[in-house]
Amino acid sequence: MNPLYIQNIYKDFIRILSAEEPRDKEELYRREVFDKLNSIKYIEDFNWARDVVEGIHLSERESQTAVRWINLNTNEHRDISYKDLVRESNQLINFLRGHGLSKGSRVYIMLPLVPEIFIATYSVVKAGFIGVPAATTLTARDIEYRSKLFPPDAVIADIKSAEVIDEGLKRSGVSARVKIVVGSDRSGWSSYDEIKRENDQAFAEKTSQDDYILAFFTSGTTGLPKIVGHTATTYPIGHLSTAMIINVRPGERHNNLSAPGWAKFAWSTFFPPFTTESLAL
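Residue numbering for the sequence shown follows our numbering, beginning at 1 and increasing consecutively.
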């Protein structure tokens, strides 16, 4: 399946949301979009970052704000345009590739809701890494268990989480190729600021419906946490339906209260707004 075919389906979906048609017509048009998706037998080449965010949004509205981050305690704020998102993600990708990461490498992301969480998540999708979201409430014991079961190649964390990760990796005997700390410095870790010296151009990995880009651990309510993987198509394409249900439209602001590390962040805060050209708040 030609990736341009799927890209055009996304364009149709965005056009429908922008048109403000009568509800019955909009439902009909949406059904046509999903019928096209359901008719696809196998997706051998689709990268949501390359084909949607950069193939559509970046080429048409690079200066539009994709993320607006506000610190309610200090009133500090930062706007990230699509151009900013792609540029900084490319730098992170190049930094990680420079430390030996490649398609399928595992990147643990243990960050609170800060701008870098969007950069890190976008980077794993574009580069074909496997992002492993980790809630900032995890303990060293949780990291020990997870790292034994699914050893990280890289870790991206804030300073508080970095302490937990170091203790967890020490207990498991697992080491990552590189550890990146955001917003501070820590011995044995690279500062996130180092990535800003990297080239701001990076190629997107060719990914198919068989290539994993995210791996969540279940909450472990009735047993030990288990890995749930999502491919380059199951979340980016699958959550077109989520974008439809939450009714987020181009140019609108979308605020979801789920913390990073939980699946709800990926399928509500991340993919739908960036798919529909709206703003994640």
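None of these hints come from the bench; they were simulated from the model. Quick caveat, the model's predicted, so the values are computed rather than measured. By construction, the Cβ of each residue, glycine as well, lies at the ideal position given by its N, Cα and C atoms. Heads up, some of the hints might be wrong.
Claimed, not checked - Straight-line Cα separation of at most 27 Å, DSSO-like style, residue types lysine-lysine; simulated pairs:
hint, residue 1, residue 2
1, Lys103, Lys264
2, Lys36, Lys206
3, Lys83, Lys226
4, Lys25, Lys148
5, Lys226, Lys160
6, Lys226, Lys148
7, Lys11, Lys170
8, Lys196, Lys226
9, Lys206, Lys170
10, Lys41, Lys11
11, Lys196, Lys160
12, Lys11, Lys36
13, Lys103, Lys83
14, Lys206, Lys196
15, Lys170, Lys226
16, Lys41, Lys103
17, Lys11, Lys83
18, Lys196, Lys83
19, Lys11, Lys264
20, Lys103, Lys25
21, Lys226, Lys103
22, Lys160, Lys170
Said to hold, decoys possible - Distance windows between CB atoms, simulated:
hint, residue 1, residue 2, range
23, Ala263, Phe34, 40 to 48 Å
24, Gln64, Phe34, 42 to 50 Å
25, Ser63, Lys170, 29 to 37 Å
26, Asn38, Lys103, 21 to 29 Å
27, Lys160, Ala19, 42 to 50 Å
Quiz prompt | Pair hint lysine 11 and lysine 83, alpha-carbon separation not exceeding 27 Å | solution = holds, 19 Å
Quiz prompt | Restraint check for lysine 206 with lysine 170, where alpha carbons must lie at most 27 Å apart | solution = violated, 35 Å
Quiz prompt | Whether the CB-CB distance between alanine 263 and phenylalanine 34 falls inside 40 to 48 Å | solution = Since alanine 263 and phenylalanine 34 have Cβ atoms about 22 Å apart, the given range 40 to 48 Å is violated.
Quiz item: lysine 41 and lysine 103: Cα distance at most 27 Å?
Solution: Distance ~24 Å between lysine 41 and lysine 103 Cα, so the pair holds.
Quiz item: Holds or violated: lysine 103 with lysine 264, Cα cutoff 27 Å?
Solution: Holds. Lysine 103 to lysine 264 sits at ~25 Å (cutoff 27 Å).
Quiz prompt | Agreement of lysine 11 and lysine 36 with the hint, judged by alpha carbon distance not exceeding 27 Å | solution = holds, 13 Å
Quiz item: Does lysine 83 lie within 27 Å of lysine 196 when you go C-alpha to C-alpha?
Solution: The hint holds at about 15 Å.
Quiz item: Has the hinted range 29 to 37 Å been met by the Cβ atoms of serine 63 and lysine 170?
Solution: At roughly 45 Å between Cβ atoms, lysine 170 and serine 63 fall outside 29 to 37 Å, so the hint is violated.
Quiz item: Does the alpha-carbon distance linking lysine 206 and lysine 196 stay inside the 27 Å limit?
Solution: Satisfied, since the Cα-Cα distance of roughly 25 Å is no more than 27 Å.
Quiz item: Going straight from one Cα to the other, do lysine 196 and lysine 226 come out at no more than 27 Å?
Solution: violated, 35 Å
Practice problem: State, for the Cβ atoms of glutamine 64 and phenylalanine 34, whether the hinted interval 42 to 50 Å holds or is violated. | Solution: Since glutamine 64 and phenylalanine 34 have Cβ atoms about 26 Å apart, the given range 42 to 50 Å is violated.
Self-check item: Pairwise hint evaluation, lysine 148 against lysine 226, where the allowed Cα distance is 27 Å at most
Solution: OK: lysine 226 and lysine 148 at ~12 Å, within 27 Å.
The structure does not agree with the numbered hints 3, 4, 7, 8, 9, 20, 23, 24, 25 stated previously, though it agrees with the rest.
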